[in-house]
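Residue numbers (numbering that gives the first Met the number 0), protein chains in the order written: chain C, 0 to 80; chain U, 0 to 108.
No lab work stands behind these hints, which were simulated from the structure alone.
If you're wondering where the values come from, they're calculated on a predicted model, not measured in any experiment.
Simulated DEER-style distance windows between Cβ atoms:
id, chain 1, residue 1, chain 2, residue 2, range
1, U, 79, C, 59, 20 to 28 angstroms
2, C, 12, U, 2, 30 to 38 angstroms
3, U, 11, C, 24, 39 to 47 angstroms
4, U, 96, C, 30, 23 to 31 angstroms
5, C, 76, U, 58, 37 to 45 angstroms
Calculated Cβ distances over 10 angstroms to all of chain U for the following chain C residues:
id, residue
6, 8
7, 12
8, 19
9, 21
10, 23
11, 74
12, 75
Pairs of lysine-lysine residues, derived as DSSO-like cross-links and limited to a Cα-Cα distance of at most 30 angstroms, are as follows:
id, chain 1, residue 1, chain 2, residue 2
13, U, 64, U, 10
14, C, 48, U, 23
15, C, 12, U, 64
16, C, 48, U, 10
17, U, 102, C, 48
18, U, 10, U, 102
19, C, 48, U, 64
For every residue, glycine included, the Cβ atom is placed at its ideal position computed from N, Cα and C.
Each chain, written out:
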Amino acid sequence: MAMQAGEIESLIKAALPDAVVVVEDLAGDGDHYAATVTSERFRGLSRVKQHQLVFQALGGRMGGALHALALQTNVPDQENA
Amino acid sequence: MSENDVEARIKREITENPVMLYMKGTAMFPQCGFSARVVQILNHVGVPFATANVLEDPDLRDGIKQFSNWPTIPQLYVRGEFIGGCDIVTEMFQSGELEPLLKQATPAG
Numbered sequence: 000m001a002m003q004a005g006e007i008e009s010l011i012k013a014a015l016p017d018a019v020v021v022v023e024d025l026a027g028d029g030d031h032y033a034a035t036v037t038s039e040r041f042r043g044l045s046r047v048k049q050h051q052l053v054f055q056a057l058g059g060r061m062g063g064a065l066h067a068l069a070l071q072t073n074v075p076d077q078e079n080a
Numbered sequence: 000m001s002e003n004d005v006e007a008r009i010k011r012e013i014t015e016n017p018v019m020l021y022m023k024g025t026a027m028f029p030q031c032g033f034s035a036r037v038v039q040i041l042n043h044v045g046v047p048f049a050t051a052n053v054l055e056d057p058d059l060r061d062g063i064k065q066f067s068n069w070p071t072i073p074q075l076y077v078r079g080e081f082i083g084g085c086d087i088v089t090e091m092f093q094s095g096e097l098e099p100l101l102k103q104a105t106p107a108g
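Kindly produce the complete structure, drawing on both the sequences and the hints.
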């Protein structure tokens, strides 16, 4: 069961309301996406913790329905640097 | 292998091996693009590393995900600490953070 780009975005935003989420469909098969997530919640967290927040938002679909999500996480001011 | 056995095995492996990669396939024959990329990066940096092929052991494949609370493979450990999967290892390599981390973890020569 593949996922839609919009579904990924809304799931992440539901858990991280301030997040700016950009999702790119890499293969058109609903299984391989790249996402960039920028949120204040990431500030001070290790990359692993930042990514784990996103995985939690995706409710266990990561590695299941969603086979591959190339993830990039940022804190807001880092994005403008 | 019981859950405790898997956890004990993982703890032993990440302690005994300064750079330990849980991957799909082997360093010589990676069986997944993400695993292959991490192997490529480790080879490029040129440090010795150990690997475990999760495709050979379903208990390990699930156990490592629970151990690190990380849902995907590959998973890189340096000096017993979970560093990340393909994305984070690539990002750290590109930012220049990975090489010193790996070199400090592996005795020279």
